[in-house]
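Undergrad: One letter stands for each residue in the lines below.
There are 2 protein chains.
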Amino acid sequence: MIRTPVNIIVRSGYRASAPHRRSVNTLKDAVMALRQPAWHPPPRQIDQPVLKIFNSLTKTKTEFIPIDGSHVKWYNCGPTVYDASHMGHARNYVTQDILRRIMSDYFGYDVHFVMNITDIDDKIIVRARQNYLFSQFRNSATALSADLLSQVSEAWGSYVRENVSKGLPDEEKPSRGDEEIRWPQIAGLARDQSRKLECLKRDEKFDMHFTAADRTLAAIEAARHALSANQSSGNTALRLIDESRDILASALDKKLQDTVTDQSVFRSLAAYWEGRFFKDMERLRVRYPDTVTRVTEYVPEVVEFVQGIIKNGYGYEFESSVYFDTGAFDSSDRHDYAKLEPWSKGNRELLAEGEGVLSSTSGRRSASDFALWKASKPGEPSWPSPWGPGRPGWHIECSVMASAILGDRLDIHSGGIDLAFPHHDNEMAQSEAYHECGAWVNYFIHTGHLHIEGLKMSKSLKNFITIDEILQRFTARQLRLAFLTQLWNAKIDFSESMMTGEVKSLEVTFNNFFTNVRAIISQARAHEDQSDGEHHHNDAERELMKSLYDSKTAFRVALCDSFNTPEALKVIRDLVSRINIYINSSGRKANVSVVEQSATWIGDMLRMFGLGEGQASEIGWGQEDEGAGGVNREETLMPYLRILSSFRDGVRQLAIAKNDDALKEILKLCDKLRDDDLVSLGVALDDQEDGKALVKLVSPAELIKAREEKRLKLDAQAAKKAAAAEEVRQKRLAKIEKGRVPPEEMFRPPNVPEGAYIRWDECGFPTATGSGEDLSKNQQKRARKEWDAQKKLHEEFLAWKKEQESVAGS
Amino acid sequence: MIRTPVNIIVRSGYRASAPHRRSVNTLKDAVMALRQPAWHPPPRQIDQPVLKIFNSLTKTKTEFIPIDGSHVKWYNCGPTVYDASHMGHARNYVTQDILRRIMSDYFGYDVHFVMNITDIDDKIIVRARQNYLFSQFRNSATALSADLLSQVSEAWGSYVRENVSKGLPDEEKPSRGDEEIRWPQIAGLARDQSRKLECLKRDEKFDMHFTAADRTLAAIEAARHALSANQSSGNTALRLIDESRDILASALDKKLQDTVTDQSVFRSLAAYWEGRFFKDMERLRVRYPDTVTRVTEYVPEVVEFVQGIIKNGYGYEFESSVYFDTGAFDSSDRHDYAKLEPWSKGNRELLAEGEGVLSSTSGRRSASDFALWKASKPGEPSWPSPWGPGRPGWHIECSVMASAILGDRLDIHSGGIDLAFPHHDNEMAQSEAYHECGAWVNYFIHTGHLHIEGLKMSKSLKNFITIDEILQRFTARQLRLAFLTQLWNAKIDFSESMMTGEVKSLEVTFNNFFTNVRAIISQARAHEDQSDGEHHHNDAERELMKSLYDSKTAFRVALCDSFNTPEALKVIRDLVSRINIYINSSGRKANVSVVEQSATWIGDMLRMFGLGEGQASEIGWGQEDEGAGGVNREETLMPYLRILSSFRDGVRQLAIAKNDDALKEILKLCDKLRDDDLVSLGVALDDQEDGKALVKLVSPAELIKAREEKRLKLDAQAAKKAAAAEEVRQKRLAKIEKGRVPPEEMFRPPNVPEGAYIRWDECGFPTATGSGEDLSKNQQKRARKEWDAQKKLHEEFLAWKKEQESVAGS
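From first to last, the protein sequence lines stand for chains A and B. So for the first sequence, full-length UniProt numbering puts the first residue at 1; every next one is plus one. So for the second sequence, full-length UniProt numbering puts the first residue at 1; every next one is plus one.
No incorrect hints appear here.
Distance condition first, Cα-Cα at most 20 Å in a straight line; then the derived EDC-like pairs of lysine to aspartate or glutamate:
(1) B:Lys546 x A:Asp68
(2) B:Lys589 x A:Glu297
(3) A:Lys546 x B:Asp408
Calculated directly from the structure, the hints in this document are not laboratory data.
With the hints as extra help, turn the sequences into a complete structure.
TA: Structure, rendered in structure tokens:
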């Protein structure tokens, strides 16, 4: 064998800690025995899978290679803050959060997750200005007046012509001054389903516009009525204004936008919705980004960045705005424009949406060119720049802020799929133009769309759901489970049936599993150091352990396969099934350590996905409604519950053994403890055959529900039993009634028709029929049989009567 | 440029989620724009470091390669359970726990950590038998009798001859019957420091043996006295027995060992100490192993394993015991014996210790051969085997149980360094002999020794510390910190100065850091969505972020360097310093997000090392004495505290501004709130210059201590001030006293000696000396000066007198 010579001096340095008595015996031994045998690196039998990510830059799964070791520079497009967050946001940000947690908590990358807040935007400007002008207008309205009425009417007319008309057939579009006269006709059209559908085809917002206008018109009419009745109080005025809110706000903005010069008007709307956004995210258990950037805080950097782009030859000024020169960029050898969606280049609709409603439309060299810097008109927020007062274009903010925080190369850029073009393509072009590099982003990842019950979510379709609304119906955990069951980059069809079906079933499966396992573990803990002489680690356990480690491997493979969470969840669910089968088949002989090991891993992985609640030290994924700041109920309560439970076991066993009336009360108390007292504390006692109940901690609501179900079942059984008993009683009564007649009387009137017989013996047995003849043999036989039967019945009757009398007499 | 053709059908599958309006405009566009530009995998600029582990099989750091992907099969040698766990155990198991946590929680390996419990062992047998026989003897002793006394005396004599004598010089060793006569001389020797030292050199346990014998002899003498005084009560008997416990137990065992046939005697001692061991581990925050195995539960497997070794030609039977044939094994081409310590082969002392005190010494082919199966003598537990009733040898259990759970190849085997030879070398030889493989263990890792204040821990040196004792002086966190500051495989010198110096300082540094950061974050949270228009992410912040990610990299490099935890802790500590400097230099302008991100990572890493307490969701590493089951105090209390604190701010500012007597009371209340009421709740208010106190949650004990220190300081200052004031007062009184004499009287007796002057003017100014001469010019000048001064002093005196009178009169 090859032996590696090892210098004893080096070794003795390490072995300085060895006890002094450990000296080498003789010099000869020392020389002979100094060498350790050669060691060979172990052969890898299974390689670790590598992480591949579906990359929008290739539309394939590509191996993930961060530039700097474990450091991952990740920029995620954040929200434009001007309204409440909705299910689309939930899908996007929860999904990003899942990916982020997998990257940092599972794969161990040192992720720097940066997200921007778009707090300069045309939508914010319009919304803030309208809110501001409307509330000014409203505050100044002290009484209902003809002037006020005419202002509202005017605004209504414009709104009808400019908005409602969009959906109307040409011949129905009213002209100025004509609106009120034409309105009944328009309303009739909106009430006709098939004609309304045509309107919606022309303008998907027709319904919304019509409803707003109809409501305002009613308010105008009411106000006219009030005014002619000399009711002009402030309240009447406010009612008119409030019912005309959307229409008035838009009209006021058109007229007075130039007067809004206070920039805090825009900032405070954004601040409000930013706060709401992060509160929603917190409720959804979305981790706060490592770094959050706001556009309003980066304007000087934007100016500097735009200057850099111009300097590099990819930007030009026109009338105090600056545009990106897509032609110059795309024709450069070093660059490609629209890497993500080259097929969308020149898509005017998408481009226009990217530019915003307040953008200038003239002066561009190409239709693909987009604004880097927008000259601000009066009534728009502005910052100084070499090109005059203005504000950043939409796309530039991300280039600037991502570069400011993360530098000139990003490992990952993420966002919703609808941002891919033009936003992300323009952003990449800008950054590559500024940094003069070929690849600013290495991995571009886009979360898929969300549909609601098969349809795109939109306010006009009335399937628009805010995060606040959805959290009143489902928990954050349920929503996250729903997203986890789908691929992050696939379209999700969010539906009632999905939530109450697959998601609910998954949640219940995990909950039941953890509740069971915790109860089993807690039971075993009490006897941990005791041994029955067996190791309980045989074929079944070896197989379960193999399943566990196979599951761990399969889980890793799934997550390496571009974060395949549906597959990863399936791996976990399958393991849960195996453990359940194991527990059920081994009963009290189950090897708790094997079960605990598996359940711990399952809980850890579910928590890693962000599904955890409460104390992380507890086995499982915690409980949402624990209250009291997440005290570990298991640890705190279990010792007391165990004592209580075993006391109850003792009482109960005694009572069962003695079978005495007094002891029935004890049993009742036992049941009361189980069914009443402990239920409200969320403690379930499952009575077992061996007389030792299994103690479980469950949510009180769940327990109460189970108890109600059990009661209903018992009630139904009791009702059935009572009905059966009543039937028996009735039958018996009928029988007894039948026995009231003594057999001696039964063949005499009035029990037989007068003249049926004319002679009887001493027992009342008929000896001659009405016609004086003797009874035939057959007649005699039949009558005897009847007589005997009646005798029996009558005896029963007499016994019953006696019993009744004694009961009545007592 | 090279363009990769991408099939649009594949892509459109993925893009099924894109909105419908996203259609390609014209066929020409479609054809032109279908291709995405080529994407190249990013260049790795920094490679991820690979984990290397100091491997005892090479005594070098070797790259860690698990056989199956991420699955790591790890076997750790557990305790022999017959006595309380001590600091040596703490060092070993806490260190293993740290390594295990790093492997699973930091590097993300799927670790299967198996540990055995040695519950069959010669030490357990002797201890259990002695306990059992002693307690039987004690229970049967009803009265003091001559017989009992002679039994104890006899036992004492044997003990002196067999144990005390070991340390005595030959000429002092007593012979049978001689012991009591010689005892005074022996006692004199033990009291002489220098002679005693010589005894300890002969036998390190001399002190222990002498003390035991001396104590028993005193009890014997007392008992003799009692017996001669006819005091023979049960209590007197028990006192004699209890004072002779060690000596009696050993004598009884020698005489009666054969009578112990109940195997539960051995099992229950082991069960007791196993329970205690795991309780100690829990208190030290050592995670429970994934799988625990007990030897008593694996005896059939041991028998089968030994048969396998014999079948493969590496074992032989002798007198119902089975031995491993080291010669046959070492001379095989496929195998090496003593891979870890070839230089220890044949070290008889180590070998004998490995075999145990109850082992047979005859019948081995080589001195290196060791027992696989030991024939049991009467009074020893036994199991059936083909070689007769017996029990497993020590080393075989680990081979068997590790193979049973983990199979025929282990990734990691660990244990304390003193187990390396012969235990681990024998274990490997057995397993390789059974599995007929070349490398049963790929990485053998050994934790270093622990010394106490520079000396090996031992009962005879009286520096033996149990885990129970150490936890009364230090917390589990402090102990773990101590171990983390040293290399896992280095010798640790555990000392008072280490714990109160480096460890304490480290703990205080982290505690203060987290307390500060939490206070700053909580303050900022209240205004999270507000912006001052600045991003606060400039050079200082960029530098701090760079430090953070450099620290993460350095931390990884340190852990990859064979788990270099001292270096990793240094990285964290340096980062804390940087953040502290940043916070102090930026004050209220500090970028909280950057601080929070860094503190979160630091907290996570400290928790990863097992230093965490309480809620994991809190920033930091939690607090040990939180009570109430780890409620997150921060989250629960902070909102209330903030309101309370700002109310107090307001009151305080008002009071300061008005400077009115009544308002002094408010200030007092403010101080009382800070110094009394809140202190006991663990809330610290740090008053700041801008009038807004910083709220901190600290442990109440810490706060009370700080308050006491502050009070002592204030008291000292007040005392100093009072002393100074008293000095001033005394000086003033002296001065006033000096002014009691009116200037008119000052030159007259008794204020000057009789006859100093004989003539005076109307002001009492002297005009002639006692000799009748006029005063010289100089004399006049001096006297005038004195007169003027006295006039001033007298006026002051009169004023003071008037003041005193008015005070007395009021």
